[in-house]
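*Asks:* The primary structure of each chain is shown beneath.
Protein chains: 2
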Amino acid sequence: MSVATCFTHFLFAQSAETIKIRQYRQANEHQLISDFVSFLSIPNIVGDSVNIRRNADYIMQAMSVKGIQNIQLLYPTTTKSVPAVYGEINTPGATQTIIFYAHYDGQPVNAAQWAKGLSPFEPKLLTASLDENGTIIDFPTKEKAYDPQWRIYARGASDDKAGVMAILNAYDAIIKTGMKPTVNIKFFFEGEEEAGSDHLFEILQEYKSLLQSNLWVICDGPVHQSGKKQVVFGVRGDAHVSVTVYGSKRPLHSGHYGNWAPNPAMLLSQLLSSMKDKNGKVTIKGFYDDVIPLTMSEKKALKEVPPVDIQMKNELGFTQQEISNMSLAESINLPSLNINGMNSANVGKNASNVIPTIAAAVLDLRLVVGNDWKRQQQKVVAHIKRQGYYVTVQEPTDEERKKYARIAKVNLSSGYNAQKTSMDLPIAKKVIVAVQSTVPDKVVLMPTLGGSLPLFVFEQYLKAKTITIPVANHDNNQHAENENIRLQNLWNGIETMAALMMIK
Amino acid sequence: MSVATCFTHFLFAQSAETIKIRQYRQANEHQLISDFVSFLSIPNIVGDSVNIRRNADYIMQAMSVKGIQNIQLLYPTTTKSVPAVYGEINTPGATQTIIFYAHYDGQPVNAAQWAKGLSPFEPKLLTASLDENGTIIDFPTKEKAYDPQWRIYARGASDDKAGVMAILNAYDAIIKTGMKPTVNIKFFFEGEEEAGSDHLFEILQEYKSLLQSNLWVICDGPVHQSGKKQVVFGVRGDAHVSVTVYGSKRPLHSGHYGNWAPNPAMLLSQLLSSMKDKNGKVTIKGFYDDVIPLTMSEKKALKEVPPVDIQMKNELGFTQQEISNMSLAESINLPSLNINGMNSANVGKNASNVIPTIAAAVLDLRLVVGNDWKRQQQKVVAHIKRQGYYVTVQEPTDEERKKYARIAKVNLSSGYNAQKTSMDLPIAKKVIVAVQSTVPDKVVLMPTLGGSLPLFVFEQYLKAKTITIPVANHDNNQHAENENIRLQNLWNGIETMAALMMIK
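Quick mapping for you: the protein sequence lines, in order, are chains A and B. Sequential numbering of the first sequence, starting at 1, is according to our numbering. Sequential numbering of the second sequence, starting at 1, is according to our numbering.
To be clear, the hints were calculated from the coordinates, so they are not data collected in a lab. Honestly, I wouldn't trust all of these hints.
One copy or two, it doesn't matter: identical chains are merged, so the pair holds either way.
To be verified - Pairs of lysine-lysine residues, derived as DSS-like cross-links and limited to a Cα-Cα distance of at most 27 Å, are as follows:
id	residue 1	residue 2
1	K349	K116
2	K180	K403
3	K249	K281
4	K409	K281
5	K385	K281
6	K349	K385
7	K278	K379
8	K20	K66
9	K465	K442
10	K430	K463
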């Protein structure tokens, strides 16, 4: 019986270094939070180049204060709008180099959808999560301690300014406690991750020699739902398909034309429902082809993942997962199709008696190793055609409207493939030991994250190895309204990153 | 072969009275438009009681200027927020009384959806419809004439402030041209039609003796799509069903939980698509039961309706009507089910990589004579249950979320039944003659309007007869963004209403 499945609760020893880092953090929490709140107050919606630059400047300033060297912006070759922030520490005698990656851009926000009192770029402190009936409180004065269960709500609090914060303060804590890194450190903070990292490869190409390393530590995503720290050896790929279907050119009165004029909301419903069967399996032809099966060591690691399905269903308020009889850990090892959003005219108080003119949906395709993102998108396009649709990439012309009974505008945005690193590499084993040295509970080893990061580019352009080590609580509302970070996760993140900088 | 289907274009004579009214209108167009623009500038969203009252005050003032008597607000017994505006003209020697009905409230608006340069309550003059590439122009000075093809864009321009405007100015034109009504006239302008006229019956009960008449002329809805004037003998009933389905309690990252957590947008798509077959027929059990077949005279009138399907498909930009092989005129004589709006999270630039928490749709049910609106709603509820849903009327509790795999919140708003008046009544025949006296083209006789008006209440509470005589152009974007009225329709409306006030 392995340790992970043993019912006796085996506790690992925490390192002396970890204890020092913890004590330093405990003595400096007010300053750490104050800095983090300033950082979160700078809007960081991906694509908002002016504010993206303000975030980059903030990070450079923070690096400078901490004594990090060779600080600079790394620009892609074709645009100045999405620089990565770079810095480095050369450790005398070190033979290995680790690059610490996080991203400082955030997902788009719809401020109206945030809970009362919350606002994406005005960070607020809550006594617990909203689901646990947390309430907004003032940030405490220096006399009063922070409760590690408290949370900060803001866009980017978890995804992924928490990563930037943990990495920079881990280095700072090592120095301030009189310790030293064991490796050369490079810092790399991306500004375009939430838009699919379209220009990352240009940066990696342009600065290839600067960015040589033995490993990229990717600090992004959530820790395991069991609350345990996790080391993740891969990510899913991602690609999107936007679909718009058409009815009448102008909105029609639903009485005068009801059930004569085609209703695009109904057409879209029929189209979307044709993509999955009642058991949640995708019915698009060939959707699960190309998948490379898990290795033996990955299967073994999966078996040791603490089961969380029942806990998660309770927490999330549903009883029936989408694919019958498949666990969460199993599901994320398959390609997926999700509706991110769907809209046609209005609901609620703005609803009116119309037949809408269009209905639109955004589909998110997650990919596993073996899938090609363009091929996966084309499977969806082919499916839409098989449902009788004429597919175009722009608004249909009058001629097209006369010619085709069913018209779908299908836009494919750029995506990327999945990536995995072998769990059996020597550096992978060292990473596991380092992370384990910070916590008494067994660290979870995951073959892949359900989420996506453009890790393939590191492999493709730098031949680099990547391992993902997340910081955020799993219930962080990442990518949605009410994003938040639990303070204990921030504190744990600093300890984890510090241990990796002092890898044995 | 009847006149209507004869290929020789037979022209009817226009009455001397119509010519006088026309000349008066031509001499006063600038004042008429100026008044109408002032009226349209008062926001009239149904339920906005402050502005609804401002509209009522405006109408009372306009009636007073025109010498209309006994002007008053008629209040429902249970609320002061939705008064009808009343006034009357007693004609010496008249033996018949006609009540002219229009409504001054409008549908909700989403100003962001209006075309560039347009705004719901800032009326704009356009050279043609937006579909015909009309452009915004200034309202002309007195030296320059109005082109009757020009259009005014504003909420209520067609539905139904055009009715109020036509009725009041028809009476004014009769007096100003030295003519006299042949009937006693009562004016009745409702302020809650777009919310389903929930309190109309209270007004009719409360003011039963004041509202006695031989006929209600309902001035609402569009003229026939062929552009010809129409007399309409019935309306469809209307009822709504709002449906919300649930996934996770909080938004989830579509990577970390994709295809494990249920996706409410997919669930809603599956639910909605289960309601119609591929031929557009509603598959809800018993949906077409209860329908009373058309009479012989209604069937004859339907046959004489000018065919408009090909013209309308060209104009609206689609080739395939919803119910295969059924014409528009036939379709509106059946009960219908339409999706008015549908939403789940965001599409377009606000889309993000989430699994939405809810998905919602508003369904519009149109009813024909024989249908009962509550029974029709219950057929939809029963269908949702048959799809495996637990149905509730409020947000599901944690206990319900634990108990049921599929949960739908279903809210039923109040509706009303269809209504029809016999085409063979003596007063019906007089109405047809009067409307025909204003135009050379054969007037279209329709058994029912596709749209809905709460005409059943007149029958139920007053035993009154109703005939609907619309004014607006058919392509008026009623109930949607970019609502508009073509000036010629406004001018025609004044002539029609004047002829009815001088019925022979």
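*Asks:* Compare the structure with each hint and give your call.
*Replies:* Going down the list of hints, with the structure as the test:
1. K349 to K116: Close inside one copy (19 Å) and across copies (23 Å); limit 27 Å.
2. K180 to K403: Answer is neither; intra-copy 71 Å and inter-copy 55 Å both fail.
3. K249 to K281: Between copies only: 22 Å across, 35 Å inside.
4. K409 to K281: Classified as both: same-chain Cα gap 25 Å, cross-chain 26 Å, threshold 27 Å.
5. K385 to K281: The answer is both: 20 Å in one copy and 23 Å across copies each meet 27 Å.
6. K349 to K385: between (35 Å within a copy, 25 Å between copies)
7. K278 to K379: both (20 Å within a copy, 23 Å between copies)
8. K20 to K66: within (18 Å within a copy, 90 Å between copies)
9. K465 to K442: Classified as within; 24 Å inside a copy, 81 Å across copies.
10. K430 to K463: For K430 and K463, the Cα distance is within 27 Å only inside one copy (20 Å; across copies 89 Å).
Going through the hint list in order, the structure does not satisfy hint 2, though it satisfies all others.
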